[in-house]
Every structure is written in C-alpha cells, then in structure tokens.
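**Q** Sequence lines, in order, name chains A and B. The opening residue of the first sequence carries number 15 in the working numbering; numbering runs sequentially from there. The opening residue of the second sequence carries number -12 in the working numbering; numbering runs sequentially from there.
Please note that the accuracy of each hint is not assured.
Subject to a maximum C-alpha distance of 27 Å in a straight line, what follows is the list of computed BS3-like cross-link-like pairs (lysine-lysine) [stated by the list, open to error]:
{"id": "1", "chain 1": "A", "residue 1": "K99", "chain 2": "B", "residue 2": "K8"}
{"id": "2", "chain 1": "B", "residue 1": "K35", "chain 2": "B", "residue 2": "K155"}
{"id": "3", "chain 1": "B", "residue 1": "K97", "chain 2": "B", "residue 2": "K67"}
{"id": "4", "chain 1": "B", "residue 1": "K226", "chain 2": "A", "residue 2": "K170"}
{"id": "5", "chain 1": "B", "residue 1": "K143", "chain 2": "A", "residue 2": "K135"}
{"id": "6", "chain 1": "B", "residue 1": "K76", "chain 2": "A", "residue 2": "K170"}
{"id": "7", "chain 1": "B", "residue 1": "K46", "chain 2": "B", "residue 2": "K303"}
{"id": "8", "chain 1": "A", "residue 1": "K23", "chain 2": "A", "residue 2": "K143"}
{"id": "9", "chain 1": "A", "residue 1": "K135", "chain 2": "A", "residue 2": "K99"}
{"id": "10", "chain 1": "B", "residue 1": "K8", "chain 2": "A", "residue 2": "K45"}
{"id": "11", "chain 1": "A", "residue 1": "K45", "chain 2": "B", "residue 2": "K35"}
{"id": "12", "chain 1": "A", "residue 1": "K162", "chain 2": "B", "residue 2": "K8"}
{"id": "13", "chain 1": "A", "residue 1": "K170", "chain 2": "B", "residue 2": "K360"}
{"id": "14", "chain 1": "B", "residue 1": "K46", "chain 2": "A", "residue 2": "K170"}
{"id": "15", "chain 1": "A", "residue 1": "K143", "chain 2": "A", "residue 2": "K64"}
{"id": "16", "chain 1": "A", "residue 1": "K162", "chain 2": "A", "residue 2": "K135"}
{"id": "17", "chain 1": "B", "residue 1": "K360", "chain 2": "B", "residue 2": "K61"}
Hints listed in this document are in silico derivations from the structure and should not be mistaken for laboratory results.
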Amino acid sequence: MKITGNVIKYGNNVDTDVIIPARYLNTSDPKELAAHCMEDLDKTFVTRVKAGDIMVAGTNFGCGSSREHAPIAIKASGIACVVAKSFARIFYRNSVNTGLAIVEYDGDIDEGDTVEVDFGKGIIKNLTKNTVGDFPPFPPFLQNIIEKGGLLNSLKEDN
Amino acid sequence: MGMTMTAKILAAHAGKEYVKKGELIMAKLDLVLGNDVTSPVAINEYCKAGCQEVFDRNKIALVMDHFTPNKDIKAAEQTKKVRDWADEKGITHFYDVGEMGVEHALLPEKGLVVSGDLVIGADSHTCTYGALGAFSTGVGSTDMAAGMAYGKAWFKVPGAIKFNLLGKLSPNVSGKDVILHIIGNIGVDGALYKSMEFSGDGVKNLTIDDRFTICNMAIEAGAKNGIFPVDDVTLEYVKAHSTRLPTIYEADADAEYDEIYHIDLSKIEATVAFPHLPSNTRTFKDIGDIKIDQVVIGSCTNGRYSDFEAAAAILKGRKVNNRVRTLIIPTTQKIYLEMIESGLTKLFIEAGAAVSTPTCGPCLGGHMGILAKGERCVATTNRNFVGRMGHPESEVYLASPAVAAASAVTGRITHPSELEDK
Chain A
15 MKITGNVIKY GNNVDTDVII PARYLNTSDP KELAAHCMED LDKTFVTRVK
65 AGDIMVAGTN FGCGSSREHA PIAIKASGIA CVVAKSFARI FYRNSVNTGL
115 AIVEYDGDID EGDTVEVDFG KGIIKNLTKN TVGDFPPFPP FLQNIIEKGG
165 LLNSLKEDN
Chain B
-12 MGMTMTAKIL AAHAGKEYVK KGELIMAKLD LVLGNDVTSP VAINEYCKAG
38 CQEVFDRNKI ALVMDHFTPN KDIKAAEQTK KVRDWADEKG ITHFYDVGEM
88 GVEHALLPEK GLVVSGDLVI GADSHTCTYG ALGAFSTGVG STDMAAGMAY
138 GKAWFKVPGA IKFNLLGKLS PNVSGKDVIL HIIGNIGVDG ALYKSMEFSG
188 DGVKNLTIDD RFTICNMAIE AGAKNGIFPV DDVTLEYVKA HSTRLPTIYE
238 ADADAEYDEI YHIDLSKIEA TVAFPHLPSN TRTFKDIGDI KIDQVVIGSC
288 TNGRYSDFEA AAAILKGRKV NNRVRTLIIP TTQKIYLEMI ESGLTKLFIE
338 AGAAVSTPTC GPCLGGHMGI LAKGERCVAT TNRNFVGRMG HPESEVYLAS
388 PAVAAASAVT GRITHPSELE DK
C-alpha cells in the first residue's frame, strides 16, 4: 500500500482532548466527530483538510484518553495516514484495531510538503524536499490484525 | 533474566512460564470494563462483527459515569443503548444512576478487582487497579468489544521503570503530590509503553488510597500500567471488599528494569501541575499569586473518602471564597453516604461548597462545572490539557485535595500550611 498526500503538521504531545474534545463525545457518529476534529488546537483544520492528506506530528501523539473517537474522527476527516515521532500507547492500539494507518518516523517533514508513504517497502519519500527515510514495519502479529480487517475479524478467524 | 511483577501477571494469563520484554502475547482477561462514552462504540463494533453471546456475563462491568445523570438527549441515547444491550446480554455488573460511581473508585469498592487480576478497560485510567497488585490498563472500544466477545486481549510485554520509594510523606503531602512529582521529573512520555513498578520500604507508609491515586496517573506519564507490590495494606483492603481470593505475584530479584529511580517520600512537597500538561509541575516557592474561579474535589484520581477528610480538615469552620465555585463530588454512593453519616457533607455545605451525586462530569469538561473563557480551576483531577474542563482558553491546575481546599478558601492557589498558622 502506498499513500501520497499533502502534509498538515502539529507538534509534540497532541492529546485526545484536542483531537476530539469531550464535549462532543455524546455521539459516536464519525461525520459529526470529524466536524470537530482538532478544533481546540487548530480551528482551520476542518476547513483545509482534504481527503488523502497526511498528518505529521512530534512525540507522544494521541496521549490522554482512551477514546476511540479520536482515530475515528481523524480517519473520517479525510486524513489517510498519521506520521509521528512516537505514539501514545492506547492511540497506537486503537489505530491498529480500527485500521487508521500510522507510522513511527522521525524525519524532516514540514507543513505543506508532499509525502509518499510506502508501507510495503517501509519507506517515506518527501517529494517536496527530495529526501527518503525508512520506518520499521509492524510486527507480523499486528500485521495479521491489520490484514484481516481489524481486531474483531482476526479473532473471529482464530476462535 | 528474571521477570517483573507485570511480566509475571501477563505470563500467567497467557498460559506461559516466561515472557520477555517486547513479546506480543494474547492473554485471558479477568474483567472487561466500559463506560457510557466508550461502551456505545464497543457495542457498535461488537454487533458489526456479528458477535453473539459474551464470553462471561459476570466478567464485564459497564459503568454509566461520564455524562450521567444524562446531561443531554444524546447522552441519554448513549446510556439507553448500553442499558438495553446489558439487559439483553444479562450483564451482571451494569451500574446505572443510583448505584453507579466513578468506575475506578467503584470497581475496587465492589470487590470486582483483586490482586493478580488482569483487567482491561475502555478508559485510560483503568491503570488505577495496579494499587491492588493487579495488571490493569486502558484500551479502546474495539479492544473492549473483543474482550467482551472472546475474553482475550493482545499485549506487548512492556519494559519497566522501577521507582524505589523510601521514607514517609510529610504532613499535607499525599499520593497526588508523589505522582505529580514523578511526572514532573520524567515527563508525559517518560514511561511511554512501559510499566511503572513501585517498590521499596516507603510503600508500607502509603495508604491504599495514596496508591490508587499514584497508579491512576501512571497513564499521564505515558505508562501502560502502574503497579504496587501486595502487602498487608493491600490484603486488608481486598479482604474487606471482595470474596475472591487474591493471587500474589512478586518481581524476581534479577528482574530487568530500563531505569531505576530512588525517591525519598519525605522530601516531596505539595505540588501543582500548571496548564497545559500534567508534567508542568511547580512547588510553592515558584507558584506566586494565581487567582482562581473554581475548585473541583473528586474524580477517579482523588474522590475517595480520605480525600474528602483531607479537604474537610481545612474547610472545617471556614467559608470558601465567595468568588470560588467549589464542587465536592464523591465518587461512589457508599462514599457519599459515609460523608452524610459522618457529617462531612454538612460541613462542606456550611462552608459554601456544592456537593454532587457521583459523576466524572467536570473532569473531562462533560458537565457539572464547565469553565468560561479565561477562567481558572484548581482540580484534584488528572488532566489539564487545553480545553479539558471547558473553554479552550480556560485553565486547569492539578493538585491534591488539601491544596484544592485551601485554595477554595483564599481564592488563589494556596498551600494548606498557610491556613494552619491562622
């Protein structure tokens, strides 16, 4: 799988309260959640995000609450992949379990760059800067969950 | 190489003699938890995947605590969905208004978690039960759905950081100050993906409530779990609350730790986390004059009976500042009743505070104490992210119940000793 997209960039410790504030957790409708995605950090996000964009961030992305509404909101907003230096652990497993593409990568990427993520080869090309870097693939155990379409489907086959 | 306490609990539940750091395992669960915010998403996933019967109707706890008593129509629809599903599946431990409490105070009180258990909860503060010597961790709704269907979850065996605690806490210093002190030192990702294992001679000097508070905020350092060794204090609590027998796991003498910190409890001071990260901590020499508009004493972090005793010791015979809305929120019906019987509720009301039925409410900016633009709150809760308790330009300062109560009296962030002198 290859994803090519425009970069929207944030800093370190982007928490789930800014990804989707708790005041909107009285619904689990992806469209409604996406309409408020990132609004306490960046009010312009929902108006400028385009389907296929790539969200890039620093360390500890998705820290805080366990709300699965966070990856749901990001995915429904049109973001195709999140690239961060590191992910908070619950956000990491929620992304694996729900099928939001995530990559741990610490490379030179700026707001507005165009980036190509090649999951098969485990490389990221920054088409704007003309640079290439690699990232570790998911371990086979997690790859199996992703390939079977999420956690519940993979367990269904195993049981 | 020996195993940590966490690794031993994971190994036992994965049917293995030995697990090593980084290994991915599938483990059996003793309890699966969800609340009114995360359970509806889990139920959607459960139904979408075509799951039928739950793995064990006695090992699922559904606690309607976040937006309850229902704050609006949408919240009412969410709790209704969970209530109907729980009824259909015959879930034993479904807790609704009148019986419910804040989940992480309620489950240990009901005896649903004992030492040695492996618990997942679709709530990040599920790590609280490490205080009892259990492995417990927060997960998302899909994990919760899978847990309810199959009684299993996947885990990566975490590395561990050991916190060797020595000595005894000073007066006006509590478990909250210990964990804020630690997060201030190691940062909000200082224990990312890891286990925080507490040990040492100082452990015996910490009450079970201190330990609940410390483990509760392990997630604020990015940890997978926090865990205390099982001692007489733990066993006394478990025996008083549960009919189930505890299983005691101990870390091996040669267990591997990524880092070891030595912490002298007697040197820890009253600590406050400033906006907008729990790691942004200060002690009183660096706090200055911070005027506040609201105080919240409650939450899964600090809403237990001893927390209200600490607040009452300061509010007794005093009035809260007339510019400070002071909210007292006991976390369970049992605690609420004890507060009424002992006279604490009367004391708080006479001091000018509002006392509420159990709810997570204001902690996550849900309801029952939302902040306006520019307002500041001292809260005994666990997070002070941007917009956590209301307007994105409001501010939350995290502190112990004693600091929160003293601040309610003066109208600014205040060390309890300032009032003792008067």
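**Q** If a hint holds in the structure, say so; if it doesn't, say that too.
**A** Here is what the structure says about each hint:
| no. | hint | verdict |
| --- | --- | --- |
| 1 | K99(A) to K8(B) | 21 Å, holds |
| 2 | K35(B) to K155(B) | 52 Å, violated |
| 3 | K97(B) to K67(B) | 23 Å, holds |
| 4 | K226(B) to K170(A) | 38 Å, violated |
| 5 | K143(B) to K135(A) | 24 Å, holds |
| 6 | K76(B) to K170(A) | 19 Å, holds |
| 7 | K46(B) to K303(B) | 42 Å, violated |
| 8 | K23(A) to K143(A) | 15 Å, holds |
| 9 | K135(A) to K99(A) | 19 Å, holds |
| 10 | K8(B) to K45(A) | 39 Å, violated |
| 11 | K45(A) to K35(B) | 18 Å, holds |
| 12 | K162(A) to K8(B) | 26 Å, holds |
| 13 | K170(A) to K360(B) | 48 Å, violated |
| 14 | K46(B) to K170(A) | 20 Å, holds |
| 15 | K143(A) to K64(A) | 21 Å, holds |
| 16 | K162(A) to K135(A) | 20 Å, holds |
| 17 | K360(B) to K61(B) | 25 Å, holds |
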